[in-house]
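Enquirer: Quick mapping for you: the protein sequence lines, in order, are chains D and R.
Taking our numbering, I'd label the letters of the first sequence as residues 1 to 322.
Taking our numbering, I'd label the letters of the second sequence as residues 1 to 122.
The hints are simulated quantities; they were obtained by calculation from the structure and are not laboratory data.
Computed from a prediction, not measured in an experiment: that's the story for all the values here.
A virtual CB, placed ideally from N, CA and C, is assigned to each residue, including glycine.
Take the hints with a grain of salt, since some may be wrong.
[What the hints assert, rightly or not] Not everything, but these chain D residues come out facing chain R in the computed CB check (under 7 Å):
id: 1; residue: Arg299
id: 2; residue: Lys308
id: 3; residue: Ile309
[Said to hold, decoys possible] Calculated pairs, BS3-like style, for lysine-lysine (alpha carbon to alpha carbon, straight line, at most 25 Å):
id: 4; chain 1: R; residue 1: Lys49; chain 2: D; residue 2: Lys300
id: 5; chain 1: R; residue 1: Lys47; chain 2: D; residue 2: Lys306
id: 6; chain 1: D; residue 1: Lys308; chain 2: R; residue 2: Lys49
id: 7; chain 1: D; residue 1: Lys306; chain 2: D; residue 2: Lys296
id: 8; chain 1: D; residue 1: Lys169; chain 2: R; residue 2: Lys47
id: 9; chain 1: R; residue 1: Lys47; chain 2: D; residue 2: Lys308
id: 10; chain 1: R; residue 1: Lys47; chain 2: D; residue 2: Lys301
id: 11; chain 1: R; residue 1: Lys49; chain 2: D; residue 2: Lys301
id: 12; chain 1: D; residue 1: Lys296; chain 2: R; residue 2: Lys122
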Amino acid sequence: MTQLYLNDVTYQCEAGETVLDALTRQGVAVPFSCRSGVCQSCMMQSADANVPSAAQHGLKSTLQALNYFLACSCQPEQDMTITLADSSERMLPATVTAIRQLNDEILCVGLDCPSLKDYRAGQFINLYRDETFSRSYSLASVPADSYLRLHVRRLPDGRMSNWIHDELKLGDSLHISPPLGSCFYLPGDPEQPLLLIGTGSGLAPLMGILRDALSQQHGGAIHLYHGSRDVAGLYLVDELRELASQHPNFHYAPCISSGETVPGYHAGRAVDVALEAHPDLTGWRVYLCGNPNMVKAARKKTYMAKAKINDIYADAFVASSQ
Amino acid sequence: MSNDLFERLGGEAAVNAAVDVFYRRVLSDDRISDFFDDVDMERQAAKQKAFLTMAFGGPVHYSGADMRKGHAHLVARGLNDSHFDAVVENLVASLQELNVPAELIAEVGAVCETTRNDVLGK
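So here's chain R without its partners, still in its complex pose:
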């Protein structure tokens, strides 16, 4: 994983382009849409933007403890590995739709994978 991944992906402009596509995919995926169906769509979209910035290796630094705390209420509702995989799958499909090169998508996937245990409270 390279520190300049964020720049190679296109920085904040790339995040802005990806968030609309990604969040729309997530909301239409019955496996996980319930976890994302916030009353306040703008706030939920802002959270997804922060997530993408992190996954792109950008300037957002969550600690493992932040990740655990932020997802604990979802784990209590049954969030598990299959949901985590579905989110990553939607992220990969979004980036493919935006013609991001496969090797960069693989790097994004690797960043996501580093958060799995904290997100799922393992």
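Chain D on its own, in the form it takes in the complex:
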């Protein structure tokens, strides 16, 4: 067992317990969301350099050097003196500038955040309802857009998504985190074919990646497979068909997995439809976003189809945490 010293109070951390679990167990309100070292909501700072390296995975080197760490990934090796990371670094003020229904269950939320200038299309932000309650959403916009765009799917028991759908109004103020994540377009190889596979609101980061690639004059073929159970679950279909008609190298395939056949839509799961059309992915770059089970299966299937591991980018998110 180790001791945690926070704001002049001592807390016990059992062997094998994370700092986040120890503090929340003892009634300390620590912001957190994904609990898996991705969203960085639970960032804290240690007064000493005794931070286990696993707790700094994914943090910028500047933050690592200052002994910042993620409470959810930190099993202390010795006693630690810690503070919550400065919330002004973590929480940027934003205003709701647009709300648009994309389909029955997905809302596009537009946010104006003057202090967030640099981001890569496809990255994600954490949206804060209050100091300790946040959820991660991918950015569907590109930096040239006048505001940030999120695709928020209403989840049956989703405290955040129901609040966004039912209560959020134009002009409301809230806070978001700086952009995070490494699932984005890189312009290094403009002729490389790109395969984008997404389900549900996993279209959001793919939309950003697609528009970024097109605006950077990506010359190779770009194939987007967006899947849902039925036609009603898809969205932005007309916009994507329009983009495909404007860009000869962009190909859009909406896919329906319910088994029915609808003209203009592919029958089958998005990943299966994609791999049937492109069985050999040697030299391709692959982006996978959406349902975690789909992402896991598609990562393996595309790798087996000879995409290199380093060329497969996946949305880091576990939707169940929402």
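Chain D is fixed; fit chain R onto it per the hints.
Expert: Then chain R, alone, in the frame of chain D:
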């Protein structure tokens, strides 16, 4: 077995070329794929890279105790000689696919063989 095997095989570049081919073969081999089917493919691939570096006589030094500890959970799941042989077989086939000379493949096989008892907890 020669100390410069790693260099003769082409060093880290050879490991990078082999790991993709090897890991893909292992995942498609029903005899052993369950042992390698990690949720985190990148982490699993990194482990395979470390294994290949070792098998190539490169700068990775596992102690016998490390090998035992690292595979104990797999031995508990039934890892045995037939699985070990299948992994070596896939490694040999990967190196053949990459046109590595037979005598170097034999040396790699000999390095693998030195780890058998520790890997299988014998």
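Enquirer: Now tell me if each hint is right for this structure.
Expert: Cross-check of the supplied hints:
1. Arg299: holds, 6 Å
2. Lys308: Constraint on Lys308(D) satisfied, holds at 6 Å.
3. Ile309: Holds. Min distance 5 Å.
4. Lys49(R) <-> Lys300(D): Satisfied, since the Cα-Cα distance of roughly 17 Å is no more than 25 Å.
5. Lys47(R) <-> Lys306(D): holds, 19 Å
6. Lys308(D) <-> Lys49(R): Status holds; Cα separation ~14 Å.
7. Lys306(D) <-> Lys296(D): holds, 16 Å
8. Lys169(D) <-> Lys47(R): Violated, at roughly 49 Å.
9. Lys47(R) <-> Lys308(D): holds, 16 Å
10. Lys47(R) <-> Lys301(D): holds, 20 Å
11. Lys49(R) <-> Lys301(D): holds, 20 Å
12. Lys296(D) <-> Lys122(R): Violated: Lys296(D) and Lys122(R) sit about 35 Å apart, past 25 Å.
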